[in-house]
Amino acid sequence: MMAIRELKVCLLGDTGVGKSSIVCRFVQDHFDHNISPTIGASFMTKTVPCGNELHKFLIWDTAGQERFHSLAPMYYRGSAAAVIVYDITKQDSFHTLKKWVKELKEHGPENIVMAIAGNKCDLSDIR
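For this note's numbering, add 2 to where a residue sits in the sequence shown, where the first one is 1.
Be careful, since some hints might not be right.
To be verified - Cross-link-like lysine-lysine pairs, in silico, BS3-like; alpha carbons within 27 Å at most:
(1) Lys48 - Lys58
(2) Lys104 - Lys92
(3) Lys10 - Lys104
(4) Lys10 - Lys101
(5) Lys122 - Lys104
(6) Lys122 - Lys10
(7) Lys92 - Lys58
(8) Lys92 - Lys122
(9) Lys10 - Lys107
(10) Lys107 - Lys92
(11) Lys58 - Lys10
(12) Lys100 - Lys10
(13) Lys48 - Lys122
(14) Lys58 - Lys107
(15) Lys122 - Lys100
(16) Lys101 - Lys122
What the hints assert, rightly or not - Label pairs and their calculated CB-CB ranges:
(17) Arg79 - Ile128: 34 to 44 Å
(18) Met46 - Val103: 19 to 29 Å
(19) Thr17 - Ser126: 32 to 42 Å
(20) Met116 - Gly18: 17 to 27 Å
Bear in mind the hints are in silico, worked out from the structure with no lab data behind them. Note that CB positions come from ideal geometry on N, CA and C, so glycine has one too.
Please take these sequences and the hints and turn them into a complete structure.
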């Protein structure tokens with residue numbers, strides 16, 4: 003039997019940048035044009051074989067709305083990685099990346115791996 007390694011990953015970013023769509027595409031290989039805004043956070047898992055191990059990703063998709071911002075640090079705790087998402091068609095979402103990085107440095111684990119993802123590349127014509 004293969005060993006299972008669990009990795010907690012959280013997605014952060016402004017509201018409407020496509021965090022939930024990224025998670026849905028990764029976990030279910032599906033894109034929903036009418037996805038509803040996340041309230042608080044949503045949770046999904048996906049197990050991926052990697053060598054002699056199975057990596058089980060525990061994915062927390064946090065809400066981007068300001069009113070849920072105070073809840074977000076609870077989801078960062080224990081995360082191995084964070085993906086900070088911005089929308090390439092919304093310049094403001096790019097400018098708030100520094101705010102999200104600061105948030106993670108203040109409230110996330112000391113050794114968290116951070117990645118930045120520019121989303122909605124299929125809409126580059128309205129950039």
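Verification of the supplied hints:
no., hint, result
1, Lys48 - Lys58, "holds (6 Å)"
2, Lys104 - Lys92, "holds (20 Å)"
3, Lys10 - Lys104, "holds (19 Å)"
4, Lys10 - Lys101, "holds (21 Å)"
5, Lys122 - Lys104, "holds (24 Å)"
6, Lys122 - Lys10, "holds (24 Å)"
7, Lys92 - Lys58, "violated (32 Å)"
8, Lys92 - Lys122, "holds (10 Å)"
9, Lys10 - Lys107, "holds (16 Å)"
10, Lys107 - Lys92, "holds (24 Å)"
11, Lys58 - Lys10, "holds (8 Å)"
12, Lys100 - Lys10, "holds (22 Å)"
13, Lys48 - Lys122, "holds (22 Å)"
14, Lys58 - Lys107, "holds (24 Å)"
15, Lys122 - Lys100, "holds (20 Å)"
16, Lys101 - Lys122, "holds (21 Å)"
17, Arg79 - Ile128: 34 to 44 Å, "holds (37 Å)"
18, Met46 - Val103: 19 to 29 Å, "holds (24 Å)"
19, Thr17 - Ser126: 32 to 42 Å, "violated (21 Å)"
20, Met116 - Gly18: 17 to 27 Å, "holds (21 Å)"
Going down the numbered hints, you'll see the structure goes against 7 and 19, while the others check out.
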